Amino acid sequence: MEKQIKALSDRNRIMILRILHQRKEYGARLANTLDLTTATISHHLEILKQADLILEEKVGNIKYFELNHAKFSKLLKGLRSFVQAEE
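In my numbering, the protein residues as written are 1 to 87.
If you're looking for bench data, these hints aren't it; they were derived computationally from the structure. Being a predicted model, the structure only gives us computed values, none of them experimental. The C-beta atom is built at its ideal place from N, Cα and C for all residues, glycine as well. A couple of the hints might just be wrong.
Taking lysine-lysine pairs in the DSS-like style, the calculated list, with each CA pair at most 25 Å apart, reads [what the hints assert, rightly or not]:
id, residue 1, residue 2
1, K6, K74
2, K24, K74
3, K63, K24
4, K3, K74
5, K77, K24
6, K74, K49
7, K71, K6
8, K3, K63
9, K71, K24
10, K58, K71
11, K49, K3
12, K49, K6
13, K58, K77
Cβ-Cβ distance ranges computed for the label pairs, FRET-style [said to hold, decoys possible]:
id, residue 1, residue 2, range
14, F82, Y26, 30 to 38 Å
15, A39, Q84, 34 to 42 Å
16, F82, K58, 17 to 25 Å
17, V83, E57, 27 to 35 Å
18, T40, A85, 22 to 30 Å
19, A28, Q84, 39 to 47 Å
20, T40, Q84, 34 to 42 Å
21, R23, L76, 15 to 23 Å
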């Protein structure tokens with residue numbers, strides 16, 4: 001869970017997750033939507049993949065990304081349990 005929390009510590013990664021929560025998307029379009037370079041988007045996507053928060057699917061030459069809903073839900077449940085245990 002620590003790696004996932006660290007992945008959420010950047011505003012751009014939060015914005016990427018918001019988009020991917022709604023739809024699958026590819027890197028260049030994410031870069032355009034968020035007004036970031038493709039290199040910056042690739043960096044953030046790699047961190048989110050390593051944290052297992054997003055999934056990647058290659059279609060032809062294009063890599064599409066989507067939120068890993070199961071892992072994200074598990075993270076939220078874990079955070080709720082942690083916060084409630086601290087109360």
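Against which earlier hints does the structure fall short, listed by number upward? Going through the list in order, the structure violates hints 13, 16, 18 and respects the others.
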